[in-house]
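Trainee: The lines below spell out each chain.
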Amino acid sequence: MTRSRLVLPVLALVALGVGFAAAVGAPREATQGEFARIMFVHVPSAWLAFLAFGVTLLGGVMWLIRKNMLWDRIAASSAEVGVFFTGLALITGMIWGYPVWGTFWDWGDARMMSTAVMFFVYTGYLALRRSVPDPETRARRSAVLGIIAFVQVPLVYFSVTIVRTLHQGLTFTGPDSSIDEGFVGPLLINLAAFTLVYVAFTTYRTRLLKIEDDLEAEEAIADLELAGLGITEPRLGGAAVDG
Amino acid sequence: MPHKSFLIPTIGLVILALGYIVFGGLNDNLVYYLTPAEAVERRVDYADGDRFRLGGFVEVGSVTETTNGVVFTVVDEGVSVDVEHTGSPPQLFRDNIGVVVEGAWAGDVFETDTLIIKHDEEYRSTDGEEPYVPPAESEG
Amino acid sequence: MKRPGFWYQAREIARKDLIVEGRAGEALYITVPFGAVALMLIPLAVGTDKPLLATIGPGMYLAVSLLFGMLVAFRQTATDDASQRELLALLGTDPAAKFVGRAATSLLLMLVFSAVLVPVTILLYNPGRIEGWPWLILVIGLLASGLAMVGTLAGSVTAGLKTRSTLTPLLVAPLAMPMLLAAGQVLEALRDGSSILAWIVLLITTNLAMAAIGVATAEALEESSS
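Going line by line, the protein sequences match chains C, U and B. This note's numbering puts the first sequence at residues 323 to 565. This note's numbering puts the second sequence at residues 57 to 196. This note's numbering puts the third sequence at residues 42 to 267.
Excised from the complex, chain C in its bound form:
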């Protein structure tokens, strides 16, 4: 591994450390007390999930236009990281909700419901990717699913504005919001740190997918040399497409 590849993860780790220190150093929230500190993980996770799924959409559309496998790999990596961040946002939300709201989960809250829906839609996206063995078919179908799946992402974001929910409104961009300066700094630092983690994860995963694809192609050639042109190798990953 070359030294330049280490820059991003090291930077992300350092930023996470600074973000943690900033979260600990942030003032105590008046009503929620120490529980409010979980927002320094919760809010960046949710934002990064939105960004990640946006990149998945972009990657899919660009693949359909350019047919360059790099775009497909970016879309796949970004979706994986996005599912991770959505899960993190859901779990930190529940951990915060129990002491502060008095409940882990609330049926009928639009934000919680729609976030869970988003989580499962993209879990389905990843499941589809695993099921298609042929790279081009996989890229095409997941690009289309990426477009369908993204339709509900704006609804998740605006769900707190659309209906009267338990979840608080838009803290930064909402009309009635007010947030003390003491919280803004640490939140922005954590947002930057999480973004770096996202970029590091996604680039690593994209590179790994390229290596996997190359290896698969190489093995296919080696098998051909061994067995002759009349024999095809058995498919190990995923299931075959008929025809």
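Just so you know, these hints were derived from the structure itself, not from any lab. Errors might be hidden in some of the hints.
In silico EDC-like cross-links for lysine to aspartate or glutamate, where the CA-CA straight-line distance does not exceed 20 Å [to be verified]: (1) U:60 with B:260; (2) C:389 with B:233; (3) B:57 with B:122; (4) B:203 with C:458.
Position chains U and B against the provided structure of chain C, taking the given hints into account.
Mentor: Coordinates of chains U and B only, in the frame set by chain C:
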């Protein structure tokens, strides 16, 4: 792109409808909770035992602990409703905090077994234990 | 020779799908009884508490319509294998017409499915009279057409995969959740007499969005097989 003559008006309609839903339509319809004023106004729609949710602020000085729960008053927009809660309230339950309770009318009292604290999008720092004052009018 | 128009192509595809379904009976003779069995399982599982069953009956109907109705949308007989796909491509069939025709057949079958389950629900759960019930016919229709389109889309994304029978429901269920929510809220709103307009608008919007997505992505899903 083929089928422009279908896609462009359809997408336009979808955006219009979404705009209607986001900026007005659903607000009054998906009522996650009723405010005290709405609950009193629609008292006839909900017979004793019909469950619904009621949201508002805990009136200062109204909280009394009972043997199996708490009794307090929920107030918002100048209208108040007496609430009898069975079970122990969440940790952060106190005067002047936003709550959503689920239950039903029993005469003039609202009986509930589910008490949830609602927070707004305000984050205020504090060094000591200053009391939290909610904004004059709540959202929604 | 003049190329047949869009609606002609869509109608022919729908006709073909209906003929195949008529031969196999997958939707009507397999999925419909299966849905009825599902409605019978719930009272067995939650106990025979009559007031409770009357309360949850309409909701259970919606859940069963969604979970089993989607089986109608991606029934095996509605998928093309590679040779069928190639023939349609060679004939110059418009991919969007294929989507419209297929979704229309699924809608028709799903309406039959929904209609059969209504009396079953009433008999088993005895939900009583719901004020303004004619609205529910519209809601069930909108739910069925939305589900038909989501199911057709998901079916074409998973066409030919070995994991198809389990993967397709995983894709459809979360995408259909907003429609289920809207339908459920209409039931609730009819019960306590509040307005249902916004929910109907939401259902129509979802339908329009799905139609637009289906038509827009049909071309991209065409596969040039080797």
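Trainee: So, for every hint listed, does it hold in this structure?
Mentor: These are the hints, each one checked on the structure:
1. U:60 with B:260: Within the cut-off at roughly 13 Å; holds.
2. C:389 with B:233: 54 Å, violated
3. B:57 with B:122: 14 Å, holds
4. B:203 with C:458: Holds, at roughly 17 Å.
Checked against the numbered hints listed earlier, the structure breaks hint 2 alone; every other hint is satisfied.
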